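Using the sequences and the accompanying hints, generate a full structural model.
Protein chains: 2
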Amino acid sequence: MGFVVTIVGLGVIGASLGLALKDSPLVEELIGVDPQDHVGKEAVALGAVRRTEKLEAGIENADVVFLCCPLERLEEVIKQAAPVLKPGAVVTDVGSVKQVVMEWFRRWLPGGVYGIGGHPMAGSERTGLAGADRYLFENAVYVLVLPPGTPSGPFETLSQLISCTGAKIITMDAAQHDRLVATASHLPHLAAVALVNQAGKAPEALGLAGGGFRDTTRVASSNPAMWEEIFMFNREAVLDQLDGFIGELNRLRGYIAAADRQRLRQELQAAQALRESVPRGARGALPSACEIITVVLDRPGVIGYLGTVLGEGGINIVDIEILRVREGDGGTIRLGVPSVEDGEKAVKLLRDQGIKAWMR
Amino acid sequence: MGFVVTIVGLGVIGASLGLALKDSPLVEELIGVDPQDHVGKEAVALGAVRRTEKLEAGIENADVVFLCCPLERLEEVIKQAAPVLKPGAVVTDVGSVKQVVMEWFRRWLPGGVYGIGGHPMAGSERTGLAGADRYLFENAVYVLVLPPGTPSGPFETLSQLISCTGAKIITMDAAQHDRLVATASHLPHLAAVALVNQAGKAPEALGLAGGGFRDTTRVASSNPAMWEEIFMFNREAVLDQLDGFIGELNRLRGYIAAADRQRLRQELQAAQALRESVPRGARGALPSACEIITVVLDRPGVIGYLGTVLGEGGINIVDIEILRVREGDGGTIRLGVPSVEDGEKAVKLLRDQGIKAWMR
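Those protein sequences? They're chains A and B, same order as listed.
Residue 51 in this note's numbering sits at position 51 of the first sequence, with consecutive numbering throughout.
Residue 130 in this note's numbering sits at position 130 of the second sequence, with consecutive numbering throughout.
No lab work stands behind these hints, which were simulated from the structure alone.
Source: prediction; values computed, not measured.
Heads up, a few of these hints could be off.
Any copy will do: because identical chains look the same in the list, a pair fits if it lies in one copy or spans two.
Heads up, simulated DSBU-like pairs for lysine-lysine below, C-alpha to C-alpha not over 30 Å straight-line [to be verified]:
hint	residue 1	residue 2
1	Lys-41	Lys-348
2	Lys-201	Lys-41
3	Lys-356	Lys-79
4	Lys-201	Lys-79
5	Lys-86	Lys-22
6	Lys-41	Lys-356
7	Lys-41	Lys-79
8	Lys-356	Lys-86
9	Lys-201	Lys-168
10	Lys-356	Lys-168
11	Lys-86	Lys-54
12	Lys-356	Lys-22
13	Lys-348	Lys-79
14	Lys-86	Lys-345
15	Lys-54	Lys-22
16	Lys-201	Lys-22
17	Lys-86	Lys-348
Here it is, written out as structure tokens:
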């Protein structure tokens, strides 16, 4: 009564998906396809798929096919798959850009096969099978893009499967998706790249780089090949966002050059208010409704001690950041807890142990 | 035989400095000056200074005066202090911009009084006395700017005192300082402000904002009034960096518009390599030479358990970040430890407990 599910491309996303789906009662067969034979074998050994097949044999009986290959190869795979898919099959992808994918689905898939775009907003610091993690999608936003006229059946099938991974499904149209990720993800990446390359002109500056620089440019560390694809496949929206951003910078530049303190402060205040409104607990993490700052001695075991004090009090730490550490001396730590009540309780528990703590 | 030290301005920096200096054998008297009487009283109660005085009485016998007031008020305070200071006194500030301060020192201080610029690169998420922390400067970079011809005596006096706070002193000239902080700190701040305000044009985008957006824009949350001052007092260097940055963005824009994948990839790769070269463990933290990724169950006490396992093994956690959390299920945590040996030992200790862990 379950579905035959095929995952094409057993990298970190495909294999994580497999691990998240394999025990679901909705899944009757879980087949993997990968151009590299050894990857397929390893995926079976890991339990990410039950068996592997070549593309055609792997998808011919599939009810749902997840295409987890790089955007670069996706159109070719869709073309190859199209004539083999059975009527009623649902095909979905996991790419970071959606308009181009929806166009490929429209162009190549036969009538009666449903192409639904997908973008799980989760990533890993590792690539390939070694990074496979059955919890990768837990609490992550998973965007689905339905072509006009999609019947409810294929959407329900796909939603049910994706829900098994713990992801939160939202739907939007492809153009809207591409615009929003250009703003929320692609533009910040370009800004980080430009900031780092600008700093590279005066490398001594990197010696003064503190937490602000590190935070602002962190994403510039990620996979250049993947980002090159994203910028190429979402050119229009990215260029649009870049132009808006350069416009914002020029506006700030004008206020600074004219020493227009009032307008400059308005910009800084607007940004502060807006930034505070961004939901906390990103990285697909649970939102931490409440933050606590605590000052502790920095010595082996102190994180354990903190965690144990709160753990014994039944308080879960959903976010943690070491703000400052002093060798052999003390550290300031930010903790996120799920609710204000938890926060109040945590502060009390810590203070009862003589630990300086306060709610932020 | 110790010094008479006066701290003018008992906000978070001044009061933290007082707490860090008060027990030093180098300090014979520790006097506080603050325009608000109640702040002075609270600072004495906190032990941040031993007594308070009005400005003139507070500084007339001082060997070293730390001016810890906002840049906005600094010139006025220097003018008031100048006629009262005793010959041989050292005056220093804690502002984020140095050329303008050195000019004020030059203009107002009498001969035989030494104005040395200072910039402790440490901040607090709290303002005022409530944020005072005797460890604030521990391991922080503390820039000193010596005017040409400063004798070694005043520099040594000031260095000795600052060393008591645990800060790491580096010296540079004022113009170089202002250029480097424009690159490493002021420009990233403007970029974050512009990114947030750009995203504010399509607020739905904030709902898709993940860890990348949060990291990149985190600094936009900080104090608008302080940043307004910084941009005003470091206008030239900031405008220069903004122009360079807009140039970088336009270059990226050109490559994307022309679909010049090769040049685009070169930029992304250059940024990745440069970003990886930035010393880790910022925020004045100890560098964590080695990073470990571990996957644990997410339940109350698990951070405590992790910390305890490593603490009992004598391993100090110098950095910690929750990469992903899944409700009631599992989490991926990045740990920084001081050395590769510690990292190897930590991975072994965790694996012995059945915890998935690897070195990054």
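Please flag the earlier hints that this structure goes against, numbers listed from lowest up. 2, 3, 4, 8, 13, 14, 16, 17
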